[in-house]
Amino acid sequence: MTTKVEPALYARGVRKSFDANPALRGVDLEVARGSIHALLGGNGSGKSTLIKILAGVHTADDGSLSVHGSEIDARRANPVWAARVGLRFVHQDLGLFGTLSVGENLVAGRRYASRFGRIDWPAVRHHAGRLLDRFGIPARPEQRLDELSQAERTLVAIARALRDDEPGEAVRTVLVLDEPTSCLPADQAAWLLDALRGYAADGHTIVMVSHRLNDVVGVAHAATVLRDGQNAATLPEAEITEDRIIELIAGGQALPPRRSTAPGGASTAAGTAATLRVAGVRTGTHSSVTFECRPGEIVGIAGMLGSGRSRLLRSIFGAQDRASGTVSVGDRAIRPGSIRAAIADGIAYVPENRACDAAFPDQPIQANMSVVGIGSYWRGLRLRLRRERCDARRDSARFHIAAGGASHPLASLSGGNQQKVILARWLRTGPRVLLLDEPTQGVDVRARAEIHALIGAAAADGAVALVVSSDFAELAALCDRVLVLRGGEIVADLPRAELSEHTLTSLAAKAAAPAIPD
Amino acid sequence: MPVATRNTQEVHSAATTKPRPAVRLVLERYSLLLLVIAVFIFFATWSRTHATFLTAQNLQNVAADQTPLVLVALASLFPLLCGEFDLSAGAVATMSQIAAGYSLAHGTPLPAAVAIGLGIGLVVGGINATLVTRVGVNGIITTLGMATLLTGLVTWRTGGQNIVEGIPEELTSFGSNGIAGIPALTILVVAAGLVVAYVFALTPAGRKLTMIGSNRQAAALVGIGVPKYVGSAFVVSALLASVAGITMLARNGIASPQAGGTALTLQALSAAFLGATAIRPGRFNVAGTFIAISLIAISVAGLSLAGVAGWVSDVFNGAALVVAVAASTLIGRHRTTH
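Read top to bottom, the protein sequences are chains A and B.
Start counting the first sequence at 1; every next residue gets the next number (our numbering).
Start counting the second sequence at 1001; every next residue gets the next number (our numbering).
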């Protein structure tokens, strides 16, 4: 290391595997004092794993960490150590209390100033007011947090994380921000990034994990790009450009093998009637989309968080009222806002958040599989439970679901197997349109390949699959065609031949389109 | 961040899950039933109770006296299954009893009076269902308010006095007679239990209620009409509670504003929760509810035959619930963490 000044934070040779799957293969990170350092990388590149090792959530297999000169074996890092050496984390979910005042939020988690056993509110307000001043937050301590904009709330969370610091040389903390602008409209994001530049000038050190290129170019003083658990490069400020970053994130390497049935599935079906027609469906306050999918097509939707991608799927399914536009499957127009009508017309929906929106965790696997068409087991005034169990066993075998038995609760399965149960639930209904929101999120490599194969098989049977994924390499590998969504509008419709992670990343991330809350 | 940690833990636990020892499973399922049998044998042999406890008269009384409690407990299971509480069931029973009794005292024929009693249940259930599913009021608050309101109406109509006039003999004899030594009310209650168990386990409606109770949002996203089923649960609950009210009239021969009420609601809920520790641990189930009520009824009857003071029964009820649920939670925790 040739740096003259000791870095605020460094990590060297950090390794971590999850069950024999390496997530980090010797990663280095060095962050200079008083700088904003961007940590970038695609899905599965290892950037979240590295942050979790810093926070002490995961334990590394090897490597060393140091914050302000206090070095530790990375295998021994833990949350207590992280807090002691001054690492502060602000996550996407800010961990604030909406119904409390700004002042209460700023003092939360620490002892209230008190006099004679009562909370000394004037002291709380005074302390909070000083923090708000110092961090340039245009809010009053007695205001309800709800009344603040999302960007202002992010700053409140940051101020809380840094409340023990005095500005200047003696700053002891390193702030780690996880996707701070991911839910912000463009103008608020710019304002937030300005504020962060100001904090860095005051001597604060900031590590920022981000997907958005706008966050980095012209903001970060340095950027480290990870790919496949290794350092792709670390760029100084002068070399941070969109094209360079996209190139580093996507890498020059071969993408995972494409679907073997491709692109024949779509071409044989070309010329037949469109199975799914979406016309003028709202994805945001000022935007709508129109497109068609042919039978057998796997169509990807690429877009950043906030591009309206999840909302589009929910509108088609009827889980979200669509104020305008029409959706039709075959010749039938789907009644808007009715999930039952959508299911009856052959639409299936696998939501992004499995725990909240799809899983019945305490219920048996067989009940999770049969929940859509439970009426088909109703014969002779009783549910045919034995048939239900047989069908569940058959589908568990067909979809390679590793389960102890069909009567075990869903929660006893791993994430990947749970996801396959959800998929089996819908594929049983013989859907004509499959809406899949992040179908392989948090799923291991093997299960991911199996899920891709199931989607491919459904398409080969003539179904349309509409796949949303923030992993653009996955879309490039899986899809016949990808619609790029930005600011709620389709900005590109790429045929298979033109699909690459590089193209998709640059198209989806490039322009500063205003974000739509998903 | 916690999401990822949980995922890795899940992978880990799925890989190391072993079949649960059969002994523990049997113990978990049947310990409450074994306790009932043990308590029964104890009172049948204890010197202070054996002379009176094991008589047909006593056993018939113990069984028949539980009728309103069993019916209200069965009623409560419907909302509980889909994740709601009906705190008005006991008050509905009282109200139906008073309405039917009042009608009889004013010369209404028996079938019409029974219909009026059941009609009260339908109306109250409908109001609860509308408030919870259409207006979106919290179910606990809705039914708590309804319970208070009904109690007030009962006092207004009766002035706190029992209605003793005009209860026809057909009704009271149904409440005290039996077939082959088994009280007619007990036969009614067992039949009702079988029907409810059938609905829960073997009909699509019961399955859908269960799924709603497991994850309401996911249920909506697989096309289950959540408001329809939750609303129906409240209507069925109130209707069954009004049947309980009629049986109170039949059993007691008078309509008493003090019978039933929120005390009955709480006993019924206790029984449902206690029952969820047996037979199908962790789930509300009919067989477990029957066992729970038997345990309490036999214990309280035995203790009162032994001359123990009346307050002991409340202490026993409460302690049984807390101990059983705590034990079941501990066993359940052991189950999920191996």
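If you are wondering where the hints come from, they were derived from the structure by calculation, not from laboratory data.
Each hint should be verified, as a subset may be incorrect.
[Said to hold, decoys possible] In silico contact screen, one side only, chain B against chain A (beta carbon under 10 Å); selected entries:
1. K1208
2. A1219
3. G1310
[Said to hold, decoys possible] Computed spacing ranges between beta-carbons, pair by pair:
4. B:L1034 to A:R115: 44 to 54 Å
5. A:G380 to B:K1228: 18 to 28 Å
6. A:R446 to B:P1204: 31 to 41 Å
[As the list claims (entries may be wrong)] These stretches of chain A come out as covered by chain B in the derived footprint (C-beta under 8 Å, 3 or more residues):
7. 101-109
8. 362-370
In this text, all values refer to a predicted model and were calculated from it rather than measured experimentally.
We treat Cβ as the ideally placed atom computed from N, Cα and C, and that holds for glycine.
> So the hint says 44 to 54 Å: do the beta-carbon atoms of L1034 (chain B) and R115 (chain A) match that?
Replying inline: Violated, at about 59 Å.
>> Less than 10 Å between beta-carbons is the criterion; does K1208 (chain B) satisfy it with respect to chain A?
In response: Interface hint status for K1208 (chain B): holds (7 Å vs cutoff 10 Å).
>> Is the listed coverage of the segment 362-370 of chain A by chain B valid when you require three or more residues with a beta carbon under 8 Å from a beta carbon of that chain?
In response: holds (count 3)
> When you take the CB atoms of R446 (chain A) and P1204 (chain B), is the distance between them in 31 to 41 Å?
Replying inline: holds, 35 Å
> Close enough to count: is the Cβ of G1310 (chain B) nearer than 10 Å to one in chain A?
Replying inline: violated, 40 Å
> Under a C-beta cut-off of less than 8 Å, do 3 or more residues of the segment 101-109 of chain A approach chain B closely enough to confirm the stated coverage?
Replying inline: violated (count 0)
> Against chain A, is A1219 (chain B) within 10 Å by beta-carbon distance?
Replying inline: holds, 8 Å
> Does the Cβ pair G380 (chain A), K1228 (chain B) satisfy 18 to 28 Å?
Replying inline: holds, 24 Å
The structure fails hints 3, 4, 7 (numbered hints given earlier, in ascending order).
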